[in-house]
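Next come the chains, spelled out residue by residue.
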Amino acid sequence: MTDTLSSAEIPDFPMARAAGCPFDPPPRLRALQQEGPLARVRVPESGGTAWLVTTYAEQRALLADRRVSSDVTRPGFPIPAPARSGGIGLSFILMDDPEHARLRRMVQGAFTVRRVESMRPAVQKIVDDMIDDLLAGPKPVDLVEAFALPVPSLVICELLGVPYADHDFFQENSKTIIKRSVAPEERAAAGGRLARYLDDLVGRKLAEPGDDLLSRVAERVKAGDLSRQEAAQMGVLLLIAGHETTANMIALGTLALLRNPAQLALLRESDDPKLVAGAVEELLRYLNITHNGRRRIALEDIEIAGRTIRAGEGIIMANDIGNRDPSVFPDNPDELDIRRDARRHVAFGFGVHQCLGQPLARMELQVAYSTLYRRVPTLSLATDLERIPFKHDGAVYGVYELPVTW
Amino acid sequence: MKVRVDEDKCCGAGQCVLLAPDVFDQREDDGIVILLEVEPAEHLHASVREAAAVCPAAAIELSENA
Chain A
1 MTDTLSSAEI PDFPMARAAG CPFDPPPRLR ALQQEGPLAR VRVPESGGTA WLVTTYAEQR
61 ALLADRRVSS DVTRPGFPIP APARSGGIGL SFILMDDPEH ARLRRMVQGA FTVRRVESMR
121 PAVQKIVDDM IDDLLAGPKP VDLVEAFALP VPSLVICELL GVPYADHDFF QENSKTIIKR
181 SVAPEERAAA GGRLARYLDD LVGRKLAEPG DDLLSRVAER VKAGDLSRQE AAQMGVLLLI
241 AGHETTANMI ALGTLALLRN PAQLALLRES DDPKLVAGAV EELLRYLNIT HNGRRRIALE
301 DIEIAGRTIR AGEGIIMAND IGNRDPSVFP DNPDELDIRR DARRHVAFGF GVHQCLGQPL
361 ARMELQVAYS TLYRRVPTLS LATDLERIPF KHDGAVYGVY ELPVTW
Chain B
1 MKVRVDEDKC CGAGQCVLLA PDVFDQREDD GIVILLEVEP AEHLHASVRE AAAVCPAAAI
61 ELSENA
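Protein sequences appear in the order of chains A and B.
Residue 1 is where the first sequence starts when you use our numbering, and the numbers rise one by one after that.
Residue 1 is where the second sequence starts when you use our numbering, and the numbers rise one by one after that.
With the rest of the complex left out, here is chain B (with noise of 0.2 Å):
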């Protein structure tokens, strides 16, 4: 699983945060998202996709064949 994040259409709502703290993170003076894990391990793919199916400005990307 491969991630993409984009910066400009996040809300920084901090979902992903919640759900997959080991992959994403905000930045402290805007709350805007980061991304720690671009291939996170297998264990955190659920929790991922979750993030992503919450995002509410749909700014997490995956592609799962990668």
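Chain A on its own, in the form it takes in the complex (with noise of 0.2 Å):
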């Protein structure tokens, strides 16, 4: 046995990340790296302890194995708060193979490279229009209200065929819903909206169908390969998902390149497509905006790193200090560098559960982050950085608000 620990000495899980330094991870997680790939915390939302892995190599090796799971249902997985959201589920990411397999494979064919690509026009010109309204506006003014959260709304409306008319109602659920600090019974309450909401839209998609995604996973309703509360859960995940991580990067993404101007100057002067696309991975690396870990559980006993996981214990990869593994990424990696070579991070995950939309995600950050800045060239914030409110509660890091200038 490994855990030598006392109770009482089991830190827990997730930490707080020091004051003043919103951009790296907590410094409890870079001492516990230090100290080798696994440690043992406690997790308080769901009452129990798990092993925290802290390297890239060990994360990796972890989640790419099939002896551990992703099914939230098994008892002593340590679940993550937006898993508790009143049993609405959020659909495959939370299942194993075959079945995670085969939900999943029904709405991969619209987040492949070449579909997103193609759309590519399209939301160059949601930005354009963004940015064209943002600067006929009163300044200062909140860069996530005004810029940040709407680009991926209408992005992820168009793509699923979602009123983005309904945009106010189901942004307000989705930041309920991943929230860490919410009550169970309010979590619950906006889930059980926000599946109402797909569930009567699926209902609409199978009578009326449009050329959207949500119409034809409403075909394989009809054909019985999915019932339609599966469908609901399923579009209430990609709504959530569509939009809440990539607003979030837009945001934190371009706080981040306000506090490191030469490396904003680098990615502004700049009209390589290859650079700015260099520019989104490491961003995506050096915030790794999933910052409560990806969790997991094992199915069997599983050797690693000298130590032993037993069948039945929680797992929980953290991502952000992997990304911050200066094996992989030798050269400063607690520094932004947009030139570093950061392809390999781990802030998609890794495994077969790694994010369906990260095409979109990349695409949308690419056209949001080159534009923004060569059209606005003065940007600045128009507050202080220790006023900024962070999401040091939310499911997904980022800022709440973030007041810019120009």
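No wet-lab data here; the hints were simulated from the structure.
Glycine included, every Cβ here is placed at the ideal spot set by N, Cα and C.
Not one of these hints is a red herring.
Within a straight-line C-alpha distance of at most 35 Å, the following computed DSBU-like cross-link-like pairs (lysine-lysine) qualify: (1) A:Lys274 with A:Lys139; (2) A:Lys274 with B:Lys2; (3) A:Lys222 with B:Lys9; (4) A:Lys222 with A:Lys175; (5) A:Lys274 with B:Lys9; (6) A:Lys391 with A:Lys179; (7) A:Lys125 with A:Lys274; (8) A:Lys139 with A:Lys125; (9) A:Lys179 with A:Lys125; (10) A:Lys391 with A:Lys175; (11) A:Lys139 with A:Lys391; (12) A:Lys175 with B:Lys9; (13) A:Lys179 with B:Lys9; (14) A:Lys274 with A:Lys391; (15) A:Lys139 with A:Lys179.
With the Cβ distance kept under 7 Å, some of the chain A side facing chain B (calculated, not the full set): (16) Arg105; (17) Thr112; (18) Arg344; (19) Gly351.
Make one complex out of these two single chains by using the hints.
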């Protein structure tokens, strides 16, 4: 047995970031990484303990291991807050193969590299229109409300066939679901509202199909491949994942660049799509907004790094510190360097659950970053860093508000 | 270099298509990998190796001495 610490010495996870270091993972995570790949942590959300994996190689190995499960219904699962969203479930991200693959493949075709690339001109237009409005409006302005949130919301609405007019409703409920500090009943209520909304929408697509992903999912319901509830859950998942994550990357990425003016200048003054694409990878690595870790449970005993993870024990891969692992990113991993080759980051996870929408996220971020700073070259913070509200309590990290001027 | 892909393992993340579009594509309906070049030209080898390294599902297998 390797677990010799008394329970009083086992730290809680998630951990707190250091004051004044909003872009860096909690210092305790760095210390644990230096001590070795695995540590025991307490997970207050589940009332149990789990293995925390802090090194890149072991994180990838475990995320790709078929003896490791995402099935949140298994006893002992180190459950993340959003999973307990009142039984709506978040579809296939909380399942194992073959069920996971069966459901994922029904929607994966909408996110192929080729399909996403064909959407680039439409996304460019959304971004340009949004910046026109921004420049014509008052300043300072909250960049989250005026740009970071509406851009990906418009894109995912268009792709799914969700009326954008309903954005206040779904953004509000998504926010509640992914907030760490929300009461379970409140989260369940928000989840229920979104599930009913999507169920109703699937019903409308069944009656009147359009040229959108939700209509194609509805077709599978008609063909008997999928229950209507499964379809609605899938819709909830894609709608939340499709706008919250990208929105946080746009706003937090902008803040990180504003705090690293030399890097921002490099990006702004380049029209090389390769440099832009590389900058997106580096910002994904550096910011790793899914800061609650990838949560799993062992199905069998697993020997790793001289330890044994027992069947039934929870495992948490802290990808934020994995992306700062000096053995993989040797040149000052704690620095933002947009010319770094960062493609091997695990910000989208690893294994068969790796982000389904990553080609879309990449493209949206490339368009957003490469357009915003070029068209608003004097963009600057309209407040002090200390006054910016960070989403320490979010399942997805970011900023609640980003007051900017130009 | 010889490339083999495993369609059952593939999860359609698309990283291989981004890195080596001359060698990999994706099926339109479910995003699963399509191998375009079993024996890619030498100038593509580095990007194919990178694609195999970042594939989250270990669905790309390379034999280098072929």
